[in-house]
Every structure is written in structure tokens, then in C-alpha cells.
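Chemist: Read off the chains here:
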Amino acid sequence: AQSVSQHNHHVILSEAASLELGCNYSYGGTVNLFWYVQYPGQHLQLLLKYFSGDPLVKGIKGFEAEFIKSKFSFNLRKPSVQWSDTAEYFCAGRAQKKSSGDKLTFGTGTRLAVRP
Amino acid sequence: DSGVTQTPKHLITATGQRVTLRCSPRSGDLSVYWYQQSLDQGLQFLIQYYNGEERAKGNILERFSAQQFPDLHSELNLSSLELGDSALYFCASSPLGGNADYEQYFGPGTRLTVT
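Residue numbers (the numbering used here), protein chains in the order written: chain C, 1 to 116; chain D, 117 to 231.
What the hints contain is simulated information worked out from the structure, not anything from laboratory work.
We put the CB at the ideal spot given by N, CA and C, even for glycine.
Careful, some of the hints might be misleading.
Label-pair restraints from in silico Cβ distances [stated by the list, open to error]: (1) D:N193 / C:E20: 36 to 44 Å; (2) D:T131 / C:Q45: 29 to 37 Å; (3) C:K61 / D:P211: 19 to 27 Å; (4) C:I12 / D:S143: 36 to 44 Å.
All chains should be modelled from the sequences, with the hints used to inform the complete structure.
Modeler: Structure follows, in C-alpha cells:
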């Protein structure tokens with residue numbers, strides 16, 4: 001079965017600290033991977049996506065993620081967080097199989113709180 | 117602003133009632149997806165429509181149904197509501213459906229509270 005897991009449920013950091021949020025996936029076949037962010041009271045916004053090619057993908061707001069196929073991982077990183085990064089972060093996967101349509105399978109989310 | 121609109125923003129209703137949530141996809145997008153976000157279940161895929169036809173089904177209860185109209189807007193109907201149906205319901209859209217490298221754009225959601 002397709003699944004996405006996020007290890008950290010709550011993370012608290014001080015401003016300027018580095019961030020790494022873990023994401024592991026379990027899919028058969030080709031997989032597309034995404035990181036979405038949900039700011040308080042707002043909708044999901046795409047941070048970055050991996051479809052193919054360079055496994056190091058850069059997204060908006062200084063975020064990046066690395067697709068490591070051997071580890072089934074797609075961890076999100078940011079070298080220096082800001083207070084405005086306080087939000088919930090979701091890793092999501094999508095299998096490239098016609099039978100599964102286009103549905104995204106989400107991880108449980110990681111709540112990040114950045115202290116000023 | 118993703119370009120996906122959802123109405124209403126908030127909905128408060130009683131158990132046993134029926135509600136309809138509406139979603140308008142981004143201009144030109146053919147696929148519409150419905151997701152449910154609740155505290156205990158997280159973000160779960162419910163159903164996908166592509167150009168008016170059901171494309172994929174997830175953990176959607178039999179009490180729930182959806183459709184996509186010729187103008188591509190979609191409605192999610194929830195009936196015989198229970199307290200556990202209280203959640204945030206998101207709609208998303210994308211240009212194509214299946215085997216296509218497109219991202220999904222999410223709307224602001226409808227917060228449903230069942231009392």
C-alpha cells in the first residue's frame with residue numbers, strides 16, 4: 001500500500017537555526033513527491049516538488065529537499081529558519097499508476113514553531 | 117491565492133442533516149480532488165473527478181457523494197451527518213488527470229462543524 005510517513009510531529013526551533021524534517025515513502029513504481037506548507041488558518045501551498053531528474057530540488061522561501069531513492073526519503077531542509085516559517089508542513093506522494101488516479105497521499109504533518 | 121475557490125468558508129449544522137460544499141477549479145483545470153482534514157485522520161483523499169467523470173476514489177463514506185458539472189465546478193454532498201464528520205474539507209485542482217506531472221492547487225477549504 002502507498003504510504004508517506006513523517007517522523008517529527010512537533011519541532012521547536014529558534015530563529016536562524018537549521019531545519020530538517022523527515023519524510024519517508026512507500027510506493028511501488030515511479031513516485032512523485034511534494035512538500036506542502038499550511039500557515040495558520042490558511043490553505044495548503046506547494047513548497048517544492050520532485051518528479052524526476054536532479055534529486056536535489058529547490059523550492060520557494062529558501063526550502064530544499066533531497067530525494068534519496070535508496071533510503072525512500074524526501075527530507076525537507078532550510079539552512080536558517082525565520083519566525084514566519086511557523087506553520088504545519090506536509091509531505092505527500094503520488095504514484096504514477098493509472099489505477100490510482102492522481103491522488104496525493106499525505107503524511108501526518110509536522111508542526112513547526114519558530115521562536116523569535 | 118491559488119485560483120481555486122470554495123464556498124462556504126464555514127458551515128455549522130446538526131447531526132442527521134445534509135450539506136453541499138462547492139468548489140470552482142482554477143481556470144482551465146480539468147481535474148478536481150476532494151480531501152478531508154481532521155485531527156484524528158489527518159489529510160485524506162476522498163475522490164477525484166476528471167472532466168466530469170469519476171477518476172479515483174479514496175476513503176469516501178457511502179453517505180458522501182460528489183459530482184463535477186459541465187462547467188467543471190464540483191460539489192461534495194455530505195448526508196446523515198455525524199459528529200465525526202466535523203473537519204476541514206479541501207478541494208484541489210490540476211490541469212490533467214493520471215500519469216501527468218502536474219501539481220495540485222488547493223483551495224481555502226470549508227470548515228464543517230456538526231453539532
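Chemist: If a hint holds in the structure, say so; if it does not, say that too.
Modeler: Evaluation of the provided hints:
{"no.": "1", "hint": "D:N193 / C:E20: 36 to 44 Å", "result": "holds, 42 Å"}
{"no.": "2", "hint": "D:T131 / C:Q45: 29 to 37 Å", "result": "holds, 33 Å"}
{"no.": "3", "hint": "C:K61 / D:P211: 19 to 27 Å", "result": "holds, 24 Å"}
{"no.": "4", "hint": "C:I12 / D:S143: 36 to 44 Å", "result": "holds, 40 Å"}
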